[in-house]
Amino acid sequence: MKEFIENRLHVNRRHFLGKVSLGLGSVALGSLLIPSLFNGDEEDIASGVGMPHFAPKAKRVIYLFQNGAPSQLESFDYKPMLNKMHGQELPASVRMGQRLTGMTSGQSKFPLVGSHFKFQQYGKSGAWVSEIFPNMAKVVDDMCFIKSMHTEAINHDPALTFMQTGAQQGNRPSMGAWLSYGLGSENKNLPAYCVLLSRGKGNGQGVYSKLWTNGFLDSVHQGVQFTSGEEPVLYLNDPTGSDKVRRRKMLDQLAELNSISYQQFGDPEIQTRIQQYEMAFRMQTAVPELTDLSKEPDDIVKMYGPDCLVPGTYAANCLLARKLSEAGVRFVQLYHQGWDQHGNLTGEMPNQAKDTDRASAALIMDLKQRGLLDDTLVIWGGEFGRTNYCQGNLSEKNYGRDHHPRCYTICMAGGGIKPGITYGETDEFGYNIVKAPVHVNDFHATVLNLLGLDHEKLIFKHLGRRYRLTDVAGKVVKPIIA
Amino acid sequence: MFFLRHRWYWMAIFIAMTAGAILWSQRQQPFLENASEKMPGVVDFNFHVRPILSDRCFKCHGPDASQRKAELRLDTEAGLYQSLRENPGAHVIVQGNPKDSELYRRISAADTSQLMPPPNSNLALSVYEKRLIKKWIDQEAKFQKHWAFISPLAAEPPEVDSDWSSNELDQFVLVKMEEQNLEPNGKADKERLLKRVSFDITGLPPSITMQENFLKDNSSYAYEKVVDELLENPHYGEKMAIYWLDVARYADSHGYQDDGLRTMWPWRDWVIHAFNKNYPYDKFLTWQLAGDLIPNPTKEMLLATGFNRNHKITEEFGVIEEEYRIEYVSDRTNTFGKAFLALTLECAKCHDHKYDPVSQKEYYGTFAFFNQINDKGLIGEFQDMSAFPADPPVILITNEDVKNVLAFVNKKDQDPVSVMVMKDSSAVRPTHVLIRGAYDVPGEEVGFQIPEAIYPYDTKRLPKNRLGLAKWLTDKNHPLTSRVFVNRIWQEFFGRGIVRTSGDFGMQGELPSHPELLDWLAVDFMNHGWGIKRLVKQIVMSSTYQQSAEVSRRKLAVDPENKYLSRASRVRLPSELIKDHVLASSGLLVEEIGGPSVKPYQPDGMWEASASGRGVLANYVQDHGDKLYRRGIYNFIKRTVPPPSMLMFDASNRDQCEVRRISTNTPLQALIMMNDPMVLEASRVLAQRLMLENISVQARISKGFRLILCRKALEKELNSLGAYFEDEKKYFESELQKVEAKLAVGEYKQEKVNDRAGTAALMQVITTLYNTDEAITK
Amino acid sequence: MERLKKIVADTVLVVQILIAFILVFESYIQVPLILQAFGRLHPLLLHLPIGLLLITTVLIFAHRYFKGHSMDDLISFMLHLTAFTASFTTLMGLLLSLEGSFGTEQLFLHKWLGVALSFLCWMLLAVKTNAKVLRPLSIVGVVLLVFTGHFGANLTHGEDFVLGPLQKIEPRVRIITDSTALFTAAIEPILESKCYSCHNSSKAKGNLILTSLDDILEGGKNGALWKTKDAAHSLMMERLSLPLEDKEHMPPKDKAQLTEDEIQFISLWIDEGTDTNKKLNELTEDDTLKQLASAIISRYETDEKNKQLYAFKFPSKETVTKLNTPHRTVFQIAGNEPAVKADFYLRQSYQKKYLEELGEVKEQLIFLNLSNMPVEDSDLKTITQFKNLEVLNLNNTQITGKGFQQLASLSKLRSLSLSGTKVSREVLLDLKDCKNLKEVFLWNTGISEEALNDLSKELGYIYWDFGYIPDSEEVLKLNVPLLKNRTSVLNPDEKVLLKHNLPGTTMRYTLDGTDPDSIESPVFKEPFVIGNYALIKTKAFKDGWLTSDVVEFIFFRKGFRPDTTVLLSVADERFEGEGAITLVDENKGLPDFYRHPAWIAFRENDLVATFAFERKPTIRNVTLSYARNPSQICLPPAEMQVWGGNDPERLQLIAKVNTPHGNGPGTARIEGVSMDIPPSNFGYYKLVAKPVRKIPGGNPKKRGIWLMVDEVFFN
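Residue numbers (numbering that gives the first Met the number 0), protein chains in the order written: chain H, 0 to 481; chain U, 0 to 777; chain X, 0 to 714.
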């Protein structure tokens, strides 16, 4: 019977393509509904691309990426032992030959440092949160803390690329691209995958368009970067001296010319082109509506903090992120730079927290009060952890922490995640994982699973190899799924 | 029985037979529905069976020893006929006897625990595939070596009785067409043909004079004449360079975070020069791979080796240098594989290749060739504002050189330019297999070696270094080098390679649509001294190339991809050429060749938003004047933030070697064409120029039309555009302040035109023309 | 009549021959499209011969009870009809089979039986009305019919279609965690997929039932399934490990078999003591049992996922595609689920009928998002037709809640979002009849807290989300005003435009470098004019907020552009820019990045340049734009002079200024020295700017101070 069914799908699909290639049926829609139709890969059909494999818990993702790797030890992974042993040497038994970056490999001593900031338990769940995240502390009962994340990369670029594309090197499609490819767009007047950037005051590491690339997938799935400038989406604004009416007239004129050549050549691509212009036209109305923050009620401004009115700030991006996912954007990717505290941690980290804490919490509350949190997955976290020992010299007021791939904490909320729980555990030194480790691949597998995708079935065949976001590994972390 | 006496009886027999005959005759014709299901008369191992085995079985029964299950491998002759481990009586394949062949028994088993591939692998074979394999075994299950590893032999071009074909290429193509019951399209009309060939060879639209002359010239040589002119045009080098830069992952920054400036552009100048001077491909390749190893190399040869230094280099403070140095060597190795062999060597970095006969050991054997250079893993952060970081070995190009040896380098200022090149260290650096590809887990040591199955490396004759490698590649009997290159050139002109997967000639790659043609071209190419211009001319002179692009519904149904070339494919221009076209047609183009990259208009804040804030490329400082109007190939490419409009038009981000660009059609592209200041400025300037000419409105429109669509406008097109112009003009006359705003676009100097509203209206018409599908389609 | 019969008889013959032909050349034949369509009618037509044959048979046997020839005629007529339909049905069937979609032995049997049947029907014709032969033949026919039909049904409806309902087992969704028992996690799924079909409560072969633990322990007619800690002598293992051919072997030959590791696992589990409560996390990672278990679990969990949650029928592809427009997306929630979700977009172009059109999927619709659409109470009626609706989002719609009672008919409604609507306490009470309603979202509705309280009292089983309530204690600091001008170089008549996105804020500014205060400093009302150079400091104020920080903007004024510029001194070779032109190319640099042609620097030498104006405009001001960046030791000129005249050789000094460089801001910024000069219209002007030689009290070791210039403006 299996063959029978596959064959069916086959035939149907060919019918569809047949139609399309005869210029019937709106391709623009088609491509967004069932993106894969135009990559013509057998796998796509087998994996039913364009639709979840099974009933999804989440429909959208907002990924608040804290770029530069915020220290878990000053945020959510409370380790009183470090304060007790403050200044003492890291026991070799704990370190177990973990490789060091070029920055600390020269260091002769590895004095442990405890958090400079006080921790306290919050909410029914009694989650530990440091004093520099007072607002996120208010929503801990909606969040799930994974304290046992671990990765393979020890430097920013590869680690970041790993978190976003499932591979440290090479030009692989990013998470959002995979989702756009697997699920298509909910709102056909907006891209399925949007990217928002902001810079913190702390030590920045830079982001790269490679992180939101479509890789070998169709460039429809490329992350569309929203800019803080006058033009939220590149080339969106009509040139000065033009307006909607003139634009409409132009499109009609254009369509007329194009159909003349369609009549002569019968090339379906011409039809597609016409459709694409129509969609562009619709984007031109849909996007400005979204990016106009001035109409938000005062309460919202209070909630996110006044920065949310300054385009390009993290707060503004959080607010925009909510509006985008409310409007059906599958994957909203934020990057906030400046979390790389090799030194002057006590100076920089509070500022970083100040820039992000309020808005992050607000985003969760805001989604919740609109009934959107149930099916919107919010992720907060960096690319790796930070060492429990001090980098550079340890003064009583200040210190720094180096990169630490062995354990770090990320939080998730909404979208079918069990609220108010903590998963996994690190040792009392916050150096090794002692319970339920979660590898980056597992994290990806889990996110896909929440969106109703089987990470082993979401495949794309490129140059003879079947690629997956989770490459050849990855296990769904069931216990954190509601 | 009664009916035997009946006269209807004969009638009945007759009808039945005719009906049968009809069905029978249907065998030949392809149908949209079941074309792919059509059972071939003779099942060919390479063309029908191996693809299935490779795709569904090799993962566990292929070249990769570590993954191999049940000691069974199906990628070798021995393996296919071997007897089974657990039951030596039985054999994988018993020729001519499917029922006794374990292979067939397993793929057709009803019992899920017997069935292969295992149900949970999601790799199940379709009924058709099972039938194929059965039939193949019935027909004695003959094994063949993978086609791409057999040295090409030029078959005699098939005889075709048709005056359509103008050279050997057509003969091959026509035969395949006929097999599919297809017939070639008619010749493209002169104007469109000129546009096509002009863009294909120089990447620029034909000027109106060119169009005029070509239309006037009715001699039988008219076309060939144009082709020869175009081939001598120095812009030919630029056009050919575009795709080579993708292959060589050329960029103006180091990639990775901070992503500082590098100055490899003199190497780019060399590539353009090499194409224009028509360097034979073997020389072109040898210099880039091993210019430094040629006995007493010239500076030009050294410059050429920049090819292998175009990979990304990290500037991230505190990285582990060895980790990255290894990454660079792998990049060179992978690029070598993809660019010259069209093989996915990289798959063998962590384990034996799953599909192709490349062992991990052989991978690191190849790796060894590129592992001999003393480059650093990390380029230091150069806070000092003077020098640009360049990771040694480098050469300094001084004005002295430019005067003498390197005349083609378009150097502007006084300070010497440093270009990273290849240079092997005197002592051979030992190379180890890296377990799971991890830089810090070395395994056994390996010498220089190349995947045996491709083509043996004669260690007696060939030196054990990159020069030897180049000699190996350019050996007349090498199965891949020539095939791979001609295929890629073919792809550049027809939008689709003879092997569609131009980056993968391996088992998982697609099979050539015209194998004989590919081999003939490859051999012919070598026999005529690897002459690239000659190859190009062969292609554009073929009738296949000169067909019109019209496509009937039937052809669309039978051959949507135009695999059989029964028409010219309508291919969208690559991003670089779109810019070139807009600038050239509006008269803005600065034709200067070579030199440092330029920073044209770009939306604000792109670099600033993503940069780490360090380094000289933290901010995008747009250029002015002539630099705004250089060809697209000179656009500054910062790897972490490539020019957005280029990415949206499917350009490579130069992260790694790319041999084929996908071509998409998205709303963002529409936005660019409608709102990019580059396009708007061009429209404005062209409009002003036309307004200054003392000719009728009609004439202006039709001239603009000709410049942009490279053909005379049809009556109806002119009328509708004329009406549109009037409408716009009326609007702008009513809204004069809008006129100023509209014309303000761009830094190019404003012409004084009295009829401002008219200018604005004409500008609008021109922008519309630039936005037509035809304008950006060759 | 006879003639007609003949024709029929012969057609049948033709078809028979044709059938024979196809059977012979099967593998060579490609079926043309038209015929494929014809073939696909097989499932339709086949019902005729079935009926006809049965009736005819009855007639044949009932023959004797009726008198007269008409009966014979009738029978023969019926026979013709039967044969006619039967043979065509078979022909179609063959064509259909040629599509090659079905590869099972079921098909094989069905095909040949079918052929036999149709041949038999033809035979019935041939033998005419000879009762002796007719009766047995017709019986054979009926028998054939039954079997053919059975296998046919299996093909279309799947095997055991008929018996299916009897042996239906509720698919149980297993959530497997570390604390799940091995038995439930690994063994049950094996049994379920490979044994349940024969060993369940309704069809207990060998009196063995495996669907529940008790029954399992009960065992079957051959006794208990296993001997604890002795797999070797356990019945189950014995049956599993018998050779496949052995009829005692389980599962039977033709059924799906257990895999190596499954068998291994079960036997190990038995040997380890058949502890049905042993949990996964009680085993160490290196325990074989654990490893086998996890292998098996992962194998079956993929199947788990494909368990269907919704029973109603799938919407047709066409409908879904049709319903998708730019304004409305309609999706199946998953490939294996018939349930559908619908979202609406683009408020401006919303139309009532878009909602009504969803009637086409009214059974499947479980999720409806109308947020931000101009939906009114009257639309609730349309909505109530979506019987299976679970989630309804009406945020920011015109809904006031009149007629919420109707929603009671949505028995599955679970979640209702009303944020930003004008609903009142009263209408919300109407929701009491929505039995399944779990959560209602009411943020930003006019509802008072007490109203909320008694809602939660009266309808406590619903979670009423009131959303974010700002903390009146907390006072926040405003963000700084934003600048709308795109560049720091203003066009001749360009005005300065400040903006603040928070409605109701006042912005005050100063031009004299002092910080704005809330009393004196002018309030920004409209774009204002500035001189040739200005440093603007501004600040935002609003009641209930702390005033913002001060922000400063520096402006230059684009003036007359000299026709020629000559540099008389030598710039530092590291920052030559593009020579003299750099000073007037209207190309501004960035405050902290000097390796760019926009910048030209002087350190040892002064900046000395002459500027020629052919049209001799009236010049009132000269402004030098430079970079101040203490960290890179770039400072303003110590002294600046302007010379003028009409003979470049003889220019006289018209103005001179010394700039205090000392303590500027630590951060890099571009500033200007702006000199008002007595209005003059010379042809030539000369500018002299002297770099600071050394900072008073500055570190003497420093190699001097840069004068980093990017532009000179004449106004």
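Hint data in this document are derived by calculation from the structure and do not stem from the laboratory. Ideal Cβ positions, reconstructed from N, Cα and C, are used throughout, including at glycine. Careful, some of the hints might be misleading.
[What the hints assert, rightly or not] Quick list of in silico lysine-lysine cross-link-like pairs, BS3-like style, CA-CA up to 30 Å:
{"#": "1", "chain 1": "H", "residue 1": "Lys460", "chain 2": "U", "residue 2": "Lys737"}
{"#": "2", "chain 1": "X", "residue 1": "Lys483", "chain 2": "H", "residue 2": "Lys56"}
{"#": "3", "chain 1": "U", "residue 1": "Lys626", "chain 2": "H", "residue 2": "Lys460"}
{"#": "4", "chain 1": "U", "residue 1": "Lys554", "chain 2": "U", "residue 2": "Lys626"}
[Said to hold, decoys possible] Chain H side only, calculated, beta carbon under 7 Å to chain X, not exhaustive:
{"#": "5", "residue": "Lys187"}
{"#": "6", "residue": "Asp298"}
{"#": "7", "residue": "Val309"}
Each hint tested on the structure:
1. H/Lys460 <-> U/Lys737: Judged against 30 Å, a Cα distance of about 51 Å means the pair is violated.
2. X/Lys483 <-> H/Lys56: Given that 30 Å is the threshold and the Cα spacing comes to 43 Å, the pair is violated.
3. U/Lys626 <-> H/Lys460: This hinted pair is violated, its Cα atoms lying about 41 Å apart.
4. U/Lys554 <-> U/Lys626: Not OK: lysine 554 of chain U and lysine 626 of chain U at ~45 Å, beyond 30 Å, violated.
5. Lys187: Holds, because the Cβ-Cβ distance from lysine 187 of chain H to chain X comes to roughly 5 Å (cut-off 7 Å).
6. Asp298: 6 Å, holds
7. Val309: 5 Å, holds
In this structure, the hints that do not hold are numbers 1, 2, 3, 4, in rising order.
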